[in-house]
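All chains, full assembly: derive it from the sequences and hints.
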Amino acid sequence: MAMDARGFASGIPRTHARSRPFTRADGLLIVGAVVLAAVALGASIATGAFRPLL
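Note that the sequence shown covers residues 12 to 65 in this note's numbering.
Rather than coming from a laboratory, the hints here were simulated on the basis of the structure. Heads up, a few of these hints could be off.
[Stated by the list, open to error] With beta-carbon atoms standing in for the labels, derived distance ranges:
| # | residue 1 | residue 2 | range |
| --- | --- | --- | --- |
| 1 | Ala48 | His27 | 27 to 37 Å |
| 2 | Ala57 | Phe19 | 52 to 62 Å |
| 3 | Ile23 | Ile56 | 52 to 62 Å |
| 4 | Ile23 | Ser55 | 50 to 60 Å |
| 5 | Leu65 | Phe33 | 30 to 40 Å |
| 6 | Ile23 | Thr58 | 53 to 63 Å |
| 7 | Pro63 | Leu40 | 21 to 31 Å |
| 8 | Gly43 | Leu65 | 20 to 30 Å |
| 9 | Arg29 | Ala57 | 43 to 53 Å |
| 10 | Ile23 | Ala54 | 49 to 59 Å |
From the three backbone atoms N, C-alpha and C, an ideal C-beta is built for every residue, glycine too.
Below, the structure written as structure tokens:
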């Protein structure tokens, strides 16, 4: 009975959160982060500073 009073099993969603679509800005941020990481890795390899842990 306590679960019913809190709205469980009522047949309607209990959240006010809305889904957000994946936008172009999101994609550009991810691409930018990958490019930045690749440039940093390339620079460390080119200068001889890259020392992998394994």
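Comparing the hints with the structure gives:
1. Look at Ala48 against His27: about 36 Å separates their beta carbons, and that is inside 27 to 37 Å.
2. Checked against the hint of 52 to 62 Å, the pair Ala57 and Phe19 passes, with Cβ atoms roughly 58 Å apart.
3. Taking 52 to 62 Å as the suggested C-beta distance range, the pair Ile23 and Ile56 conforms, at roughly 55 Å.
4. At about 54 Å, the beta-carbon gap between Ile23 and Ser55 stays in the expected band of 50 to 60 Å.
5. Separated by about 34 Å at the C-beta atoms, Leu65 and Phe33 satisfy the suggested range of 30 to 40 Å.
6. As the Cβ distance of Ile23 to Thr58 is approximately 59 Å, the hint placing it in 53 to 63 Å holds.
7. Range check, Pro63 to Leu40: Cβ separation about 27 Å, and the 21 to 31 Å hint holds.
8. A C-beta distance of roughly 28 Å is found between Gly43 and Leu65, which places it inside the suggested range of 20 to 30 Å.
9. In this structure the hint that Arg29 and Ala57 lie 43 to 53 Å apart at CB holds, the actual value being about 46 Å.
10. About 54 Å separates the C-beta atoms of Ile23 and Ala54, a value consistent with the hinted range of 49 to 59 Å.
Taken one by one, the earlier hints all hold for this structure without exception.
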